[in-house]
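*Asks:* Given chain X, work out where chain V should sit, using these hints.
Residue numbers (our numbering), protein chains in the order written: chain X, 1 to 358; chain V, 1 to 807.
I should point out that these hints are in silico values taken from the structure, not numbers from a laboratory.
From the three backbone atoms N, C-alpha and C, an ideal C-beta is built for every residue, glycine too.
There could be a bad hint or two in this list.
[To be verified] Derived list of chain X stretches under chain V, where covered just means 3 residues or more per stretch with a C-beta under 8 angstroms from a C-beta of chain V:
| no. | segment |
| --- | --- |
| 1 | 81–88 |
| 2 | 344–356 |
[Claimed, not checked] Calculated Cβ distances over 12 angstroms to all of chain V for the following chain X residues:
| no. | residue |
| --- | --- |
| 3 | E5 |
| 4 | A70 |
| 5 | P102 |
| 6 | R152 |
| 7 | E241 |
| 8 | G279 |
| 9 | P303 |
[Unchecked claim] One side of the interface only, derived from the structure: several residues of chain V facing chain X at Cβ under 10 angstroms:
| no. | residue |
| --- | --- |
| 10 | L420 |
| 11 | P423 |
| 12 | E425 |
| 13 | K489 |
| 14 | Q494 |
| 15 | L509 |
| 16 | P587 |
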Amino acid sequence: MSDIENLERDLLAKITAAETGAALEDVRVAALGKKGVVSERMKTLGKMSPEERKEMGPALNGLKSRIADAIEAKKTELEEAALNARLASEKIDVTLPIRPEPKGKIHPVSQVTEEIIAIFSAMGFDVAEGPDIEDDFHNFTALNFPPDHPAREMHDTFFFEPKEDGSRMLLRTHTSPVQIRTMMSQKPPIRIIIPGRTFRCDSDQTHTPMFHQVEGLVIDKETHMGHLKGTLEAFVKTFFEISDVKTRFRPHFFPFTEPSAEMDVQYERVGNEVRFGQGDKWMEILGCGMVHPNVLRNCGLDPDEYQGFAWGMGVDRLAMLKYGIPDLRDFFAADARWLEHYGFDAADQPSLWAGLSK
Amino acid sequence: MKFTLSWLKEHLETNASLDEIVETMVAVGLEVEEVENPEERLSAFTIGEVLSAEPHPDADKLQVCKVATRDGEMQIVCGAPNARAGIKVAYAPVGAYVPGIDVTLSKAKIRGVESHGMMCSVRELELGDDHDGIIEAPVSAKVGEPVAKVMGANDPVIDFEVTPNRPDTNGVDGVARDLAAAGIGKFISPEPKPVKGAFPSPQNVVLDFPAGAENACPVFAGRYVRGVKNGPSPKWLQDRLRAIGLRPISALVDITNYMSYDRARPLHVFDADKLKGVIRARLGKEGEKFLALDGKEYVIDETMTVIADDNGVLGLGGVMGGEDTGCTEETKNVFIECAYFDPLRTAKTGRKTGINSDARYRFERGVDPDFILPGMEMATQLVIDMCGGEPSEVVLAGEIPQTDKTVLFPPSEVKRLTGLDVPPEACEQILSALGFTVRKSDPWQVDVPSWRPDIEGKADLVEEIARITGFDKLPAAPLPMLKAVETPKLTAGQERRRMARRALAGRGLLEAVTWSFLDQKHAELFLSESEIKAKGLILANPIASDLGVMRSSLLPNLIAALQRNADRGREDLALFEVAPIYGGDQPEDHANAAGGARLSDPQRHWQGAAPKADAFTVKADAIAALEAAGAPVASLQTSADAPDYFHPGRSGVLRLGPKALAHFGEIHPRVLKAMDVDGPVQGFEVFLDLIPEPKKKPAKTRPALDASELLPLSRDFAFVVDDAVAAEALLKAVRGAEKKLIADVSLFDVYQGKGVPEGKKSLAIEVVLQPREKTLTDEEIEAISARIVAQVEKATGGTLRGLDPGA
Numbered sequence: 001m002s003d004i005e006n007l008e009r010d011l012l013a014k015i016t017a018a019e020t021g022a023a024l025e026d027v028r029v030a031a032l033g034k035k036g037v038v039s040e041r042m043k044t045l046g047k048m049s050p051e052e053r054k055e056m057g058p059a060l061n062g063l064k065s066r067i068a069d070a071i072e073a074k075k076t077e078l079e080e081a082a083l084n085a086r087l088a089s090e091k092i093d094v095t096l097p098i099r100p101e102p103k104g105k106i107h108p109v110s111q112v113t114e115e116i117i118a119i120f121s122a123m124g125f126d127v128a129e130g131p132d133i134e135d136d137f138h139n140f141t142a143l144n145f146p147p148d149h150p151a152r153e154m155h156d157t158f159f160f161e162p163k164e165d166g167s168r169m170l171l172r173t174h175t176s177p178v179q180i181r182t183m184m185s186q187k188p189p190i191r192i193i194i195p196g197r198t199f200r201c202d203s204d205q206t207h208t209p210m211f212h213q214v215e216g217l218v219i220d221k222e223t224h225m226g227h228l229k230g231t232l233e234a235f236v237k238t239f240f241e242i243s244d245v246k247t248r249f250r251p252h253f254f255p256f257t258e259p260s261a262e263m264d265v266q267y268e269r270v271g272n273e274v275r276f277g278q279g280d281k282w283m284e285i286l287g288c289g290m291v292h293p294n295v296l297r298n299c300g301l302d303p304d305e306y307q308g309f310a311w312g313m314g315v316d317r318l319a320m321l322k323y324g325i326p327d328l329r330d331f332f333a334a335d336a337r338w339l340e341h342y343g344f345d346a347a348d349q350p351s352l353w354a355g356l357s358k
Numbered sequence: 001m002k003f004t005l006s007w008l009k010e011h012l013e014t015n016a017s018l019d020e021i022v023e024t025m026v027a028v029g030l031e032v033e034e035v036e037n038p039e040e041r042l043s044a045f046t047i048g049e050v051l052s053a054e055p056h057p058d059a060d061k062l063q064v065c066k067v068a069t070r071d072g073e074m075q076i077v078c079g080a081p082n083a084r085a086g087i088k089v090a091y092a093p094v095g096a097y098v099p100g101i102d103v104t105l106s107k108a109k110i111r112g113v114e115s116h117g118m119m120c121s122v123r124e125l126e127l128g129d130d131h132d133g134i135i136e137a138p139v140s141a142k143v144g145e146p147v148a149k150v151m152g153a154n155d156p157v158i159d160f161e162v163t164p165n166r167p168d169t170n171g172v173d174g175v176a177r178d179l180a181a182a183g184i185g186k187f188i189s190p191e192p193k194p195v196k197g198a199f200p201s202p203q204n205v206v207l208d209f210p211a212g213a214e215n216a217c218p219v220f221a222g223r224y225v226r227g228v229k230n231g232p233s234p235k236w237l238q239d240r241l242r243a244i245g246l247r248p249i250s251a252l253v254d255i256t257n258y259m260s261y262d263r264a265r266p267l268h269v270f271d272a273d274k275l276k277g278v279i280r281a282r283l284g285k286e287g288e289k290f291l292a293l294d295g296k297e298y299v300i301d302e303t304m305t306v307i308a309d310d311n312g313v314l315g316l317g318g319v320m321g322g323e324d325t326g327c328t329e330e331t332k333n334v335f336i337e338c339a340y341f342d343p344l345r346t347a348k349t350g351r352k353t354g355i356n357s358d359a360r361y362r363f364e365r366g367v368d369p370d371f372i373l374p375g376m377e378m379a380t381q382l383v384i385d386m387c388g389g390e391p392s393e394v395v396l397a398g399e400i401p402q403t404d405k406t407v408l409f410p411p412s413e414v415k416r417l418t419g420l421d422v423p424p425e426a427c428e429q430i431l432s433a434l435g436f437t438v439r440k441s442d443p444w445q446v447d448v449p450s451w452r453p454d455i456e457g458k459a460d461l462v463e464e465i466a467r468i469t470g471f472d473k474l475p476a477a478p479l480p481m482l483k484a485v486e487t488p489k490l491t492a493g494q495e496r497r498r499m500a501r502r503a504l505a506g507r508g509l510l511e512a513v514t515w516s517f518l519d520q521k522h523a524e525l526f527l528s529e530s531e532i533k534a535k536g537l538i539l540a541n542p543i544a545s546d547l548g549v550m551r552s553s554l555l556p557n558l559i560a561a562l563q564r565n566a567d568r569g570r571e572d573l574a575l576f577e578v579a580p581i582y583g584g585d586q587p588e589d590h591a592n593a594a595g596g597a598r599l600s601d602p603q604r605h606w607q608g609a610a611p612k613a614d615a616f617t618v619k620a621d622a623i624a625a626l627e628a629a630g631a632p633v634a635s636l637q638t639s640a641d642a643p644d645y646f647h648p649g650r651s652g653v654l655r656l657g658p659k660a661l662a663h664f665g666e667i668h669p670r671v672l673k674a675m676d677v678d679g680p681v682q683g684f685e686v687f688l689d690l691i692p693e694p695k696k697k698p699a700k701t702r703p704a705l706d707a708s709e710l711l712p713l714s715r716d717f718a719f720v721v722d723d724a725v726a727a728e729a730l731l732k733a734v735r736g737a738e739k740k741l742i743a744d745v746s747l748f749d750v751y752q753g754k755g756v757p758e759g760k761k762s763l764a765i766e767v768v769l770q771p772r773e774k775t776l777t778d779e780e781i782e783a784i785s786a787r788i789v790a791q792v793e794k795a796t797g798g799t800l801r802g803l804d805p806g807a
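So that you can see chain X by itself, here it is in the shape it has in the complex:
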């Protein structure tokens, strides 16, 4: 038996001494391979007497299994050591900066337009739109601007060169022509908002020759000015994300509404910030009113049967007020610094359920 013990001691020593996977493999082949010492010894079992075999069988099997286990354990140990050595050599400076990736942004006009759409869509408004280049009928006449009336002058209209018949196209001065296009092509009930570009020949710190409006129109058989008030008050609270905003409706004049009003919102200026829902100043936010009977008539609707309200508001101005953007002219300058600072992430899609803005 002692030679088995000696063999085992000898093999275990070789296993312990193996420094590489290859050396260990050599030990394994020499011990457990087809012609290895342990395998050779196992072959001798067949020639033994039953008594010898009874004794040597378990002893050799035990040896074989212990050697195999030892090799496996050593193998794991060597792999572990090799991995540790590799890992030690693979250290990087994780403080190195990442490669900068360009971050795209959505322009505040687009974002705020979508915020407005999110609010009014929840109130059942569809989104309509119409062309920037209009004719006199849709932009003025149908909207109850008498020819040569001073109210037309106030619109500072951009005109195109006159045609041979004397007519001339113009750039729409408001989104209201889309009211006309909608009422002439669609039967009430109508509940739409109309975002879009508008143009007036005017330029200073608070006016640009192009700006954006959202118009609203509701036509049915029962909507009255109280609905107008309720709708727009709800809008202001939702848009500015302040539950307690005070509003004021003031009589005003627009050719296309009667009665007409302007809506003011109570505010306070704190530093450069405009804060709604506090203070004692009033800021005009939008113009509105009940659709003028002449406008309804011009669109083929009987004003004794149909009624409703309309309003118009400046998207750029709402964006300035909500997000504290100081100068309207910067909206259209395409200055990358401004776009990155005031723009919105592509994934930041306004919704009522996730919050209009972050």
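*Replies:* Here is chain V on its own, set in the frame of chain X:
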């Protein structure tokens, strides 16, 4: 329109405070823009009394005064010659801001003598122009009383916006009528008493208009007053005019201004001795010229209404009188004109001449025709009161225009249109207070007063009742829901734009919003001059010469913006815009596009800089926008025929069948040079409206996932083809070789050079085969490979360069 509180109170008997009056004005639709209270402005200044005035020891022109003031006895050094013991003065303490000299007073030593405060002149307090000496207040004034009160400068000035529909509020009495109707006082507007004429007017008037133009001036009332003495108007009138920003000139002129603001009734007063022959109201004649009161000469044409005598044009009807026949200090006899001028013609004349006068402002909005004769009486009385003289009888040419208008009005309209519950009695009361006459038949018959040309129908009366009742009383009601759950609100086009916008921002481009118009010089680089003209894209009145043409492409403004940013040091930038472009001047020419431009100068980085943007970057941008917008991008074909503002060799068109959905590529260097842009710039434009609408499907179910259990295998091929062969043609041929089993084809190398003949190129591709029912045998794979090679050869003439076993 400005007026003072005391002026208003002549027409409104009220106990309301200034704040209440202002609030009520806003509530009824008279939008107050500013209230200026001189009492507040001058609150620092109080009455003092000079107790003694001794010569300054070291200055001839200065005096050292002891002054009794609110703050006790003060020593004040003063240079005014009229400073003397016993007078009451305007005392300004140390710390007061003196507006007229823009100085805040501090304790001073003047030539060695201490001076505590100042005694002010009229000009220093901005109470007038007088600067001859310090204010000498009435002796009755008490020390410590506010100077503003003593000097009569305690009358707040209210400025409000007159909306075009309310010409009656161009007069103070019109404002008072609204306020009285709103319940804060009693309206006072005495009907002017007729002044008896002592003699027939020696000056005659005729209306001389061709048929069709009679309405230019339908009525002209005139009156001669002889023996007047013109001079400064009384202080109360001067104070009022000055308070609202008008300069008092002389009694006769001041009266016309007063009438304009008190009763919204413009008048003109001629120096009768400067008139020659009959006064004619007529249309202008070509070539006539006219020297107006503003000292400028105007060219008359035949669309304008003029007042003329035998010498020529005396005035532009309803706009401005003439310099030559105006009143002066020497005027002895006058002729007063009180007429009606057509609003539209007045407005046109005003626009043509550019004259903005109080008269034009009123006539073009419409003056009260029924107040022509009462206005004449009132003016006559004022002239006699201030200048004496004897009036003639009134001469009247033409007829007072009829304004009788009756509106049939069921009072239930108020509730229908506003939701307000206003009892009929209250409706009647409001209308009556505003000057309407209500006859309570069914429906009501409501007569419209002559000063309200804006009232046409029922809705106008609803507005009157609602605004006087107060919009704050409107019930705020939500709109009833139309559906239990709302459905999508965007049109297909709007949704495309939304998706394209978010996809491009997601690719790292910044969204810009640029003008719809641009410099014609830039526009012509993208559309020929003749096409711009033919399509009618030129604005007749651009705001600036470089914003004169509607854009046919989004690219020029974006490219110009890139350069502006580059000029600020930002040379690596990608901009995009999703917005309209214009194919012509008709509404249907309005089209929606998504476009972008890239200027590429990637930052250095320790891992190596990012690749520079090239034509394929913007091809990817275009495809991303198209895909987000719902275009079937797998079916797109690329052709190399982009418009000529692109680099001819580095640009392409993405097509769906014959439709060009997008252009992309490097912008033509010549275009960049003309725009002063340092390129290269890569650009793309996607025509979102041209994307076909996806077919409506009955359900949202997606096709079942086809994921095979079998391992895919790949084979590489390299083909030698002519240089001119499009890679897309080769890839298409490969895909077509075996539609069922080829899962993917990718092109991983394009090679020209050693080993490839001149004029040829090598395209290396990897084909992924996805076995379906069973693994593929070597023979089957060989057969597919052979088909691929044959297809490529058939489609492109390409030959196999080498067949390598798959990786």
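*Asks:* Now tell me if each hint is right for this structure.
*Replies:* Structure-based check of each hint:
Against chain V, the segment 81–88 of chain X contributes 0 residues with a C-beta closer than 8 angstroms to a partner C-beta. That does not satisfy the three-residue criterion, and the hint is violated. Figure legend: the segment 344–356 of chain X, annotated as covered by chain V; annotation consistent (4 residues with Cβ-Cβ distances under 8 angstroms, at least 3 required). The claim that E5 of chain X lies off the interface holds: its Cβ sits roughly 52 angstroms from the closest Cβ of chain V, which is beyond the 12 angstroms cut-off. Every CB of chain V is more than 12 angstroms from the CB of A70 of chain X (nearest about 39 angstroms), matching its label as outside the interface.
Remark: the non-interface label on P102 of chain X conflicts with the geometry, its nearest Cβ contact in chain V lying 3 angstroms away (cut-off 12 angstroms). At roughly 10 angstroms, the least C-beta separation between R152 of chain X and chain V is not larger than 12 angstroms, which violates its mark as non-interface. Under the 12 angstroms C-beta cut-off, the non-interface status given to E241 of chain X relative to chain V holds; the minimum distance is some 19 angstroms. For G279 of chain X, the shortest C-beta to C-beta distance to chain V comes to about 17 angstroms, beyond the 12 angstroms cut-off, and the non-interface label holds.
A cut-off of 12 angstroms between C-beta atoms contradicts the statement that P303 of chain X is not in contact with chain V; the least separation is 7 angstroms. Given the 10 angstroms rule on beta carbons, the hint for L420 of chain V holds: about 8 angstroms separates it from the nearest Cβ of chain X. Given hint, P423 of chain V at the interface with chain X, is violated; its Cβ is 17 angstroms from that chain's nearest Cβ, farther than 10 angstroms. Violation of the interface hint for E425 of chain V is found here, the shortest Cβ-Cβ separation to chain X being roughly 21 angstroms, above the 10 angstroms cut-off.
The beta carbon of K489 of chain V is positioned within 10 angstroms of a beta carbon in chain X (closest approach about 4 angstroms), and the interface hint is therefore held. Using the Cβ-Cβ criterion of 10 angstroms, the hint placing Q494 of chain V at the interface with chain X is satisfied: the shortest such distance is roughly 6 angstroms. With a least beta-carbon distance of about 5 angstroms to chain X, the hint placing L509 of chain V at the interface is held under the 10 angstroms criterion. Because the beta carbon of P587 of chain V sits about 4 angstroms from the nearest beta carbon in chain X, less than 10 angstroms, this interface hint is met.
When each numbered hint is compared with the structure, violations occur for hints 1, 5, 6, 9, 11, 12.
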